[in-house]
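Novice: Here's the letter readout for the chains.
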Amino acid sequence: MTRRQHDVCRFLLFQQFGEQVSVVGKYLLQKSPSPLHLISSETHLDTEQVKKILCILIQQNIVTFGQHKRGFIEYSIRTGEILNRLWFPKYIYCAKTLYGDAAELLLEDVLQRGQVQMSKVIEVVMQRFNEALETSGKQKISESFVVDKFSNLVRTHFLQRCLDPIKSESNKVVGLEVTGEEETLYRLPDLSRKRKKSHDDGPPAKRSKSERPADDEGDGIFWRVNNERFHQMFRDQAIVQAISSKIDRSAGEVLRAMLRVSEVKTAGMATVTTPISVTEIFNALPKDLMARPLLETYLSLICDDSTNFLSKVGDSGGGMYSINIYEALAQLVKAHIESVVQERFGSKCLRIFRVLLLKKHLEQKQIEDFVMISAKEAKDLLYTLFSENFITTTEISKTPDHAPSRTFYLFTVNIQHVASMVLNRCYKALYNAMVKKETEVNEHRRLLDKQERMEAIAASVEDASQRDEILNTITPSEQEQIIKVRRTIQMLDHSELQICEGIFILEMYLMYFKQRQKDKS
Amino acid sequence: MATAAVKEEPIEEVDFETRFIMLCQASPEGITDNVIQKELPQCDTKQRMTIVNRLLSMGKIDLLKSGSKLLYRLKDPDSASQVKGGDNQEKLVYQIIKDAGNKGIWIRDIRFKCNLLLTQVNKILKNLETKKLIKAVKSVAASKKKVYMLYNLEPDRSVTGGAWYSDQDFESEFVEVLNQQCFKYLEQRAAAAREAKSDPIAQRNASFTPLEDVWKYISDLGISKVQLSKEDIETILNTLIYDGKVERSLVAGQATASGDGYVKLYRSVQPLIPTTGLMRMPCGACPVFDQCYEGGAVSPTTCVYMKEWLEI
Chain A
4 MTRRQHDVCR FLLFQQFGEQ VSVVGKYLLQ KSPSPLHLIS SETHLDTEQV
54 KKILCILIQQ NIVTFGQHKR GFIEYSIRTG EILNRLWFPK YIYCAKTLYG
104 DAAELLLEDV LQRGQVQMSK VIEVVMQRFN EALETSGKQK ISESFVVDKF
154 SNLVRTHFLQ RCLDPIKSES NKVVGLEVTG EEETLYRLPD LSRKRKKSHD
204 DGPPAKRSKS ERPADDEGDG IFWRVNNERF HQMFRDQAIV QAISSKIDRS
254 AGEVLRAMLR VSEVKTAGMA TVTTPISVTE IFNALPKDLM ARPLLETYLS
304 LICDDSTNFL SKVGDSGGGM YSINIYEALA QLVKAHIESV VQERFGSKCL
354 RIFRVLLLKK HLEQKQIEDF VMISAKEAKD LLYTLFSENF ITTTEISKTP
404 DHAPSRTFYL FTVNIQHVAS MVLNRCYKAL YNAMVKKETE VNEHRRLLDK
454 QERMEAIAAS VEDASQRDEI LNTITPSEQE QIIKVRRTIQ MLDHSELQIC
504 EGIFILEMYL MYFKQRQKDK S
Chain B
8 MATAAVKEEP IEEVDFETRF IMLCQASPEG ITDNVIQKEL PQCDTKQRMT
58 IVNRLLSMGK IDLLKSGSKL LYRLKDPDSA SQVKGGDNQE KLVYQIIKDA
108 GNKGIWIRDI RFKCNLLLTQ VNKILKNLET KKLIKAVKSV AASKKKVYML
158 YNLEPDRSVT GGAWYSDQDF ESEFVEVLNQ QCFKYLEQRA AAAREAKSDP
208 IAQRNASFTP LEDVWKYISD LGISKVQLSK EDIETILNTL IYDGKVERSL
258 VAGQATASGD GYVKLYRSVQ PLIPTTGLMR MPCGACPVFD QCYEGGAVSP
308 TTCVYMKEWL EI
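From first to last, the protein sequence lines are chains A and B. Its first residue numbered 4, the first sequence is counted upward by one per residue in this note's numbering. Its first residue numbered 8, the second sequence is counted upward by one per residue in this note's numbering.
Read the hints as simulated data drawn from the structure, not as lab findings. Quick reminder that beta carbons are idealized off the backbone N, C-alpha and C, glycines included. Errors might be hidden in some of the hints.
Stated by the list, open to error - If you only want the chain B side, here are some residues facing chain A, beta carbon under 10 Å, derived: (1) Asp22; (2) Thr25; (3) Gln102; (4) Glu254; (5) Gly284; (6) Pro289; (7) Pro307; (8) Thr308; (9) Val311.
As the list claims (entries may be wrong) - DSS-like cross-link-like pairs, simulated, lysine-lysine; straight-line CA separation at most 27 Å: (10) A:Lys382 / B:Lys271; (11) A:Lys363 / B:Lys153; (12) B:Lys53 / B:Lys110; (13) A:Lys362 / B:Lys204; (14) A:Lys382 / B:Lys204; (15) B:Lys204 / A:Lys379; (16) A:Lys315 / B:Lys153; (17) B:Lys151 / A:Lys368; (18) B:Lys145 / A:Lys379; (19) B:Lys67 / A:Lys337; (20) B:Lys110 / A:Lys337; (21) A:Lys440 / B:Lys314; (22) B:Lys223 / A:Lys368; (23) A:Lys368 / B:Lys204; (24) A:Lys362 / B:Lys314; (25) B:Lys252 / A:Lys368; (26) B:Lys252 / B:Lys237; (27) B:Lys204 / A:Lys290; (28) A:Lys453 / B:Lys191; (29) B:Lys145 / A:Lys368; (30) A:Lys382 / B:Lys153; (31) A:Lys382 / B:Lys110.
Turn these sequences into a full structure, and let the hints guide you.
Specialist: Next up, the structure:
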């Protein structure tokens with residue numbers, strides 16, 4: 004965690020939960036884990052207040068807790084979870100494209116509440132959805148439709164159960180754990196239990212008789228969004244998009260089908276997917292997209308491509324192929340970094356940078372020869388890159404005294420290092436964009452509020468001339484101002500999203516890199 | 008007896024001298040004392056010494072040292088004639104420059120080799136230059152370094168830098184133009200391939216262009232005043248690879264006269280991603296990014312770059 008990330012975290016907490024939460028959050032970001040009394044004394048907040056704040060944060064999956072070996076409970080903050088909030092709009096959009104509007108509302112509700120019971124969320128969604136349908140004059144949907152969407156999301160692991168509490172002897176919750184296997188996280192409650200209620204003699208069933216009958220379905224089980232699953236999805240999308248722009252759309256579709264097949268088979272953080280046979284890929288492809296010979300052509304085409312996303316691992320089953328996720332991410336990260344170099348230092352610097360990427364270790368003279376730029380200029384560009392830490396040198400001394408005249412200086416690129424540096428820059432830029440947006444909104448709050456109010460009033464007025472009159476209270480100059488501010492906000496929003504995309508790839512790559520290091524050792 | 012011996016000597020000496028020269032002619036890289044002793048057993052050490060001294064003073068042979076042995080070598084008749092009129096030092100410097108061939112030799116190295124004073128060497132070099140026996144060529148490796156070589160020699164590529172240099176200046180514009188033209192050509196080939204073929208493999212194969220075609224295209228364009236070799240075009244195409252715009256592939260083919268047995272194919276490629284998000288806002292390329300923080304002299308809320316960007 005770097006300072007830049009902390010800045011973003013703090014800002015997000017402030018924006019979404021208010022000042023006091025951000026104060027607690029800031030403290031926890033610095034001194035995590037801490038016990039309750041320390042938090043309250045250090046932040047000068049009332050213990051009760053801190054308790055409430057912690058409750059909210061635990062509810063939103065941001066804070067976790069555990070027992071210290073001395074017996075007290077410690078709270079720690081999960082920065083990743085806060086940063087994931089940047090992705091919420093994308094999660095919702097993803098659910099919408101996959102399972103339609105009902106799933107969109109479902110996910111929105113789950114995200115808003117953090118942890119929620121199935122029955123509650125379904126109730127809310129039903130209500131909202133039917134309201135919307137009523138105003139547009141369409142037919143209402145039944146409950147089973149929403150339940151179906153919910154179970155779809157669970158089955159595809161987009162939603163998961165919250166962890167079960169561990170209780171101490173005095174019946175205090177001291178921690179959270181996964182009970183049983185990982186699979187149980189995605190087990191749906193028995194939905195047919197409503198009918199078999201007479202067999203059930205547990206306390207929930209008894210209580211349910213007095214309450215509304217819909218409430219007993221899997222109550223006591225809380226659900227939350229499975230961030231990792233979404234990230235996996237985005238990762239796959241990024242890979243598919245890259246190959247689509249490199250080769251063509253059909254190649255992207257082939258890869259998408261492969262990734263969908265491998266989703267179920269491959270372990271979460273595997274750097275290479277399990278081999279998939281041509282037949283499997285063919286079956287997973289949308290019908291009528293391509294004939295089998297064409298599919299095989301595409302597979303060999305992607306294999307031959309310099310990107311190394313795909314490799315053939317065997318001949319059984321018409322050929323076995325596996326996707327090298329790590330390699331794909333590495334290529335994408337390189338592309339992002341190259342883009343940064345290109346835009347920041349120009350194409351000539353990019354050439355130098357890529358020469359170093361391709362040839363690993365080079366002396367200054369060799370670089371000058373390869374890039375075909377005059378020696379003076381090349382030297383200048385090389386040292387610009389060096390001073391900005393995009394490239395590093397390795398000293399190889401001919402003699403033990405490391406005298407400069409008897410030492411080779413080899414330039415090289417350390418891609419992990421550059422990736423984390425660019426990542427930091429991304430976070431800071433993101434923070435800047437968010438701060439700028441906030442100040443823009445605050446500056447023009449009066450104007451924006453006024454416009455909103457006027458539009459609301461105008462919408463409620465029937466008469467056309469009256470409506471015009473109301474709308475005319477906003478002067479043309481104000482109107483102009485409003486358009487400008489809206490445009491500004493939109494631009495900043497847009498760049499926030501674009502930066503997030505870069506951040507995602509960089510984060511993913513660094514995560515996989517660490518995983519690979521772990522696998523090797 | 009004594010008179011007879013005296014009379015005999017010059018005859019023998021002349022005879023020895025011609026035989027000595029013949030021996031030297033037979034082996035142009037020089038002969039050692041041993042060889043002379045073997046070939047001319049009747050010639051004793053004293054006689055040999057007088058012959059060598061005479062020939063040396065006449066400037067017909069060179070005395071060289073190879074290891075611990077002495078080596079006698081016949082002087083080039085024409086070089087001897089060319090430096091005619093010059094003194095020994097001049098001859099020596101000329102010889103050193105000649106040995107350097109078309110790579111040339113630096114004045115400092117000449118000084119080391121001949122052990123003469125700088126002023127002397129300068130004078131000799133000036134002399135030789137005015138006689139048009141040698142010339143000074145500026146090296147591309149270091150613009151202030153002059154190298155000397157014989158007047159009639161064509162400087163080596165390492166000295167002139169090949170086609171990419173004119174008057175030891177690197178022609179970056181020329182390289183840029185060639186770089187763009189090569190890329191344009193490959194782009195056109197790729198576009199034509201996309202239109203003509205529907206099969207993805209055929210499409211890719213058609214977009215691959217052999218080095219030869221690129222070379223012909225560039226030659227026909229007539230951008231270059233000098234004749235470019237295939238190797239020159241290859242270095243240009245390499246820069247395109249480093250730019251990430253082009254890919255190269257080696258394909259086994261008929262072994263040609265050049266003897267490679269493979270064909271180098273090039274094709275233009277699409278980038279993997281569009282410009283990354285960071286660089287689409289001013290922060291990406293901001294020069295004062297590191298000094299920027301809230302409440303500072305440079306801050307996101309008062310940023311001029313941001314303001315400019317948002318007002319577009």
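Novice: All hints, please: hold or fail.
Specialist: Hint check:
1. Against a cut-off of 10 Å between C-beta atoms, the interface hint on Asp22 of chain B is violated, since the closest Cβ of chain A lies about 57 Å away.
2. With its C-beta approaching chain A no nearer than about 54 Å, Thr25 of chain B sits outside the 10 Å limit, and its interface hint is violated.
3. The beta carbon of Gln102 of chain B is not positioned within 10 Å of any beta carbon in chain A (closest approach about 32 Å), and the interface hint is therefore violated.
4. The criterion of a C-beta within 10 Å of any C-beta in chain A is met by Glu254 of chain B, whose closest approach is roughly 5 Å, and the hint holds.
5. Interface hint status for Gly284 of chain B: upheld, as the beta-carbon distance to the closest one in chain A is roughly 3 Å, under 10 Å.
6. At a threshold of 10 Å, the smallest CB-CB gap from Pro289 of chain B to chain A is about 9 Å, leaving the interface hint in force.
7. Here the hint on Pro307 of chain B is kept, as its CB sits about 4 Å from the closest CB of chain A, short of 10 Å.
8. Interface restraint check for Thr308 of chain B: the shortest CB-CB distance to chain A comes to about 5 Å, inside 10 Å, so the restraint holds.
9. Contact between Val311 of chain B and chain A, as hinted, is not supported at the beta carbon level, the nearest pair being about 12 Å apart and thus beyond 10 Å.
10. Using a Cα cut-off of 27 Å, the hinted pair Lys382 of chain A and Lys271 of chain B is violated, with the two alpha carbons roughly 30 Å apart.
11. For the hint pairing Lys363 of chain A with Lys153 of chain B, the CA-to-CA distance comes to about 34 Å; that exceeds 27 Å, so the pair is violated.
12. For a cut-off of 27 Å, the pair hint linking Lys53 of chain B to Lys110 of chain B is broken: about 42 Å separates their Cα positions.
13. For the hint pairing Lys362 of chain A with Lys204 of chain B, the CA-to-CA distance comes to about 35 Å; that exceeds 27 Å, so the pair is violated.
14. With a C-alpha separation of about 45 Å, the suggested pairing of Lys382 of chain A with Lys204 of chain B is violated against the 27 Å cut-off.
15. With a C-alpha separation of about 45 Å, the suggested pair Lys204 of chain B and Lys379 of chain A falls outside the 27 Å cut-off, and the hint is violated.
16. With a C-alpha separation of about 57 Å, the suggested pairing of Lys315 of chain A with Lys153 of chain B is violated against the 27 Å cut-off.
17. For a cut-off of 27 Å, the pair hint linking Lys151 of chain B to Lys368 of chain A stands: about 18 Å separates their Cα positions.
18. Proposed proximity of Lys145 of chain B and Lys379 of chain A is supported: the alpha carbons are some 17 Å apart, at most 27 Å.
19. With a CA separation close to 68 Å, the supplied pair Lys67 of chain B and Lys337 of chain A exceeds the 27 Å bound.
20. Between Lys110 of chain B and Lys337 of chain A the CA atoms are separated by roughly 42 Å; this puts the pair beyond 27 Å, and the hint is violated.
21. Between the alpha carbons of Lys440 of chain A and Lys314 of chain B the distance comes to roughly 12 Å, so the proposed pair stays at or under 27 Å and holds.
22. As the CA atoms of Lys223 of chain B and Lys368 of chain A are separated by approximately 31 Å, the hinted pair breaks the 27 Å bound.
23. Distance check on the hinted pair: Lys368 of chain A and Lys204 of chain B sit about 44 Å apart at the alpha-carbon level, beyond 27 Å; violated.
24. Of the supplied pair hints, the one linking Lys362 of chain A and Lys314 of chain B is violated, its CA atoms being roughly 41 Å apart against a limit of 27 Å.
25. Distance restraint check for Lys252 of chain B and Lys368 of chain A: the Cα-Cα separation of roughly 24 Å lies within the 27 Å cut-off, and the hinted pair is therefore satisfied.
26. Distance restraint check for Lys252 of chain B and Lys237 of chain B: the Cα-Cα separation of roughly 20 Å lies within the 27 Å cut-off, and the hinted pair is therefore satisfied.
27. The hinted pair formed by Lys204 of chain B and Lys290 of chain A meets the criterion: a straight-line CA distance of about 23 Å does not exceed 27 Å.
28. For the hint linking Lys453 of chain A to Lys191 of chain B, the alpha-carbon distance of about 55 Å lies beyond 27 Å, and the restraint is violated.
29. With a C-alpha separation of about 19 Å, the suggested pairing of Lys145 of chain B with Lys368 of chain A holds against the 27 Å cut-off.
30. Taken as a hint, the Lys382 of chain A and Lys153 of chain B pair is honoured in the structure, with Cα atoms around 22 Å apart against an allowance of 27 Å.
31. In summary, the hint linking Lys382 of chain A to Lys110 of chain B is supported, as the alpha carbons are separated by about 25 Å, within the 27 Å threshold.
The structure does not agree with the numbered hints 1, 2, 3, 9, 10, 11, 12, 13, 14, 15, 16, 19, 20, 22, 23, 24 and 28 stated previously, though it agrees with the rest.
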